[in-house]
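Peer 1: Sequence:
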Amino acid sequence: MALDRPVSEQREAFTQLLELTQIGMPDHQVEPRELGGVACLRLTPRALQTTREIIYVHGGGYSLGSPHTHRPLVARVAHQVGAAATLPSYRLAPEHPCPAGLDDVLAVWRALPRSTQAQAILAGDSAGGGLALAVAMALRDARDQLPAGLVLLSPWTDLSLSGASIDALAEHEVLLQRPGLELMAGRYAGSLSREDPRVSPLFGRFEGLPPTLIQAGGHEVLLDDARRAADNALAAGVAVELQIYENQVHVFQATPMLEAAAVAIKAIAHWIATL
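Residue numbers (full-length UniProt numbering): 1 to 275.
The hints are simulated quantities; they were obtained by calculation from the structure and are not laboratory data.
Quick reminder that beta carbons are idealized off the backbone N, C-alpha and C, glycines included.
Be a bit skeptical, because a hint or two may be false.
[What the hints assert, rightly or not] Computed Cβ-Cβ distance ranges for the label pairs, DEER-style:
#	residue 1	residue 2	range
1	A118	Q49	10 to 20 angstroms
2	P94	V30	25 to 35 angstroms
3	E207	D4	39 to 49 angstroms
4	S191	L258	34 to 44 angstroms
5	E241	Q119	18 to 28 angstroms
6	I244	L48	28 to 38 angstroms
7	S191	A39	20 to 30 angstroms
All chains should be modelled from the sequences, with the hints used to inform the complete structure.
Peer 2: Next comes the structure, spelled out in structure tokens:
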């Protein structure tokens with residue numbers, strides 16, 4: 001994905017790439033909905049096993065992606081959990097830097113019935129994982145209802161890019177390299193410091209967050225973002241589980257051909273079932 005191309009072209013290339021993940025997508029119903037003034041996509045698996053809801057925040061470096069690009073991944077998670085999932089179409093950078101996306105996901109959350117919130121799982125991958133974590137921190141600070149659990153897949157938690165794994169593991173990543181991360185981080189941070197907890201929740205306060213599952217690939221450049229978030233959560237007394245999948249790269253769960261993806265998604269369902 002050429003970094004010197006207009007963001008519109010980068011978005012189209014990202015969309016085409018993720019279309020490849022539709023292979024073997026489980027059967028489910030899809031319907032548009034609006035919550036808190038934000039357009040969303042709701043996925044309902046064929047066999048509902050629980051009234052628990054998943055609110056899933058898509059990745060894409062805060063400037064790419066949509067509920068539609070991440071529909072295949074979320075459909076697989078929803079199928080395994082047996083729960084409906086809602087994907088907010090939050091505003092993207094650079095047109096809408098932080099805190100626009102954060103405000104949108106908060107608006108969606110606050111439009112849910114309190115009974116739904118109390119049982120819901122707030123989840124996301126990559127930038128969506130970082131955004132889900134930032135949303136949970138904002139909810140805690142506002143004394144709002146927190147989700148029953150957080151599920152963060154390869155979360156991007158540090159847009160200051162201070163993790164050693166960004167360079168140490170760069171040889172294993174095809175799509176994720178420091179120049180691209182710098183571009184995306186600058187777009188999203190806008191006028192804010194990259195260490196502002198709204199931008200980089202790694203630097204936020206973890207006390208009082210709900211039980212959290214973090215999954216990461218052992219070869220991904222954002223491995224240290226996952227590790228340090230888990231360490232901070234543990235130090236703050238949060239019930240956190242970090243699962244690192246050997247030899248896997250960033251958001252490997254989205255690649256249906258990988259056995260590790262199926263194993264990881266089943267692990268998500270198992271973890272949620274224990275809450």
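Peer 1: Is the gap between the beta carbons of E207 and D4 within 39 to 49 angstroms?
Peer 2: Holds - the Cβ-Cβ distance for E207 and D4, about 42 angstroms, lies within 39 to 49 angstroms.
Peer 1: Given the hint of 18 to 28 angstroms, check if E241 and Q119 actually sit that far apart at their C-beta atoms.
Peer 2: holds (19 angstroms)
Peer 1: Within 20 to 30 angstroms or not, the Cβ separation of S191 and A39?
Peer 2: holds (26 angstroms)
Peer 1: Taking 34 to 44 angstroms as the stated bounds, is the beta-carbon spacing between S191 and L258 within them?
Peer 2: holds (39 angstroms)
Peer 1: Is the hinted range of 25 to 35 angstroms satisfied by the C-beta distance from P94 to V30?
Peer 2: Distance hint for P94, V30 holds at roughly 29 angstroms.
Peer 1: Within 10 to 20 angstroms or not, the Cβ separation of A118 and Q49?
Peer 2: Hint holds: Cβ distance 18 angstroms, inside 10 to 20 angstroms.
Peer 1: Determine whether the Cβ-Cβ distance between I244 and L48 falls within the hinted range of 28 to 38 angstroms.
Peer 2: holds (31 angstroms)
Going through the hint list in order, the structure satisfies each hint without exception.
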